[in-house]
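**Q** Sequence:
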Amino acid sequence: MSAALKATDRGGVAILGTGLAGLGHAGGRTEQEIIAQAAYRAVAASGLRMADIDGIITSSLTSPWWVMRMSEYLGIRPRFSDSTMFGGSSFIADIRIAAMAIEAGECDNVLICYGSNPRSIPSSSRVNAMRAELDPQPYEHPYKPFNPVTSYALAAARHMHEFGTTRKQLAEVAVAARQWAQRNPDAFMRDPLTIDDVINAKMVSDPLTVRDCCLVTDGAGAFVVTRADRARGLHAKPIYVLGVGHAHWHRQISCMDD
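Residue 191 in our numbering sits at position 191 of the sequence shown, with consecutive numbering throughout.
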């Protein structure tokens with residue numbers, strides 16, 4: 001599947017308020033609670049009220065009915081809802097989904113929100129086992145991969161084989177991410193990180209070490225997408241969506257093209 005904005009739709013929708021909550025460690029709060037806090041902050045920052053939200057896009061790795069749970073928890077009755085899950089890139093694709101819904105007249109103000117609390121969950125192994133049961137990967141599950149790291153490691157190894165990418169070049173990704181984190185006061189880890197630190201760290205799934213991997217942290221984020229004409233009448237500074245596209249085609253890394 002792929003999608004992109006039509007030329008005639010450029011600037012027709014805008015992103016308004018954003019909100020964050022529970023970054024790093026949620027302090028015992030559930031993912032539903034930190035998502036709600038981020039959602040209320042985003043709506044308040046946009047200049048709208050929660051009652052103005054008539055579209056919601058959200059998803060969870062642990063609940064198939066998450067969009068209904070969050071609508072109920074926030075006290076809204078959306079005319080449009082979507083819970084598509086593409087993994088970590090979902091919330092970029094969600095901008096396009098929100099834009100299509102607004103352009104089609106399905107709704108006017110869409111709340112996009114997500115959160116998780118893996119650092120606070122005492123029994124993450126139980127959650128991982130549940131995910132494996134709900135979303136089995138028949139060509140990979142028998143080998144018990146340490147996903148998602150194993151999948152990224154296989155892709156990285158193939159890239160090194162195909163294009164001559166070096167281990168040092170891969171490490172630069174983690175170093176660059178840490179440099180950006182040092183500029184963010186809300187970042188969980190802000191200590192300096194070098195290429196040698198990354199390469200010499202504990203191996204997780206060859207060629208990736210623990211310093212290549214995403215941090216296991218809690219956090220929630222939300223933002224509002226609305227019609228451009230509505231955005232111009234609100235006090236928040238809008239960010240007009242000029243273009244967005246997404247494409248996806250395989251679920252298992254073993255099914256990715258060589």
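A few of these clues could be false.
Claimed, not checked - Distance condition first, Cα-Cα at most 30 Å in a straight line; then the derived DSSO-like pairs of lysine-lysine:
hint	residue 1	residue 2
1	Lys144	Lys168
2	Lys168	Lys202
3	Lys144	Lys202
What the hints assert, rightly or not - Quick list of simulated restraints, FRET-style, between CB atoms:
hint	residue 1	residue 2	range
4	Phe163	Val216	28 to 34 Å
5	Pro64	Glu162	33 to 39 Å
6	Tyr240	Phe86	19 to 25 Å
7	His159	His25	41 to 47 Å
8	Met256	Thr62	24 to 30 Å
9	Phe146	Gly243	34 to 40 Å
10	Pro142	Tyr40	43 to 49 Å
11	Tyr73	Gly245	28 to 34 Å
12	Glu162	Asp229	17 to 23 Å
13	Asn200	Pro64	38 to 44 Å
14	Asp229	Met203	51 to 57 Å
15	Leu215	Arg79	32 to 38 Å
16	Val210	Gly87	18 to 24 Å
The set of hints was computed from the structure by calculation and includes no laboratory data.
For glycine and all other residues, C-beta sits at the position ideal for the given N, C-alpha and C.
**Q** Could you tell me which of the hints above the structure violates, numbers in ascending order?
**A** Per hint list: 7 and 12 violated.
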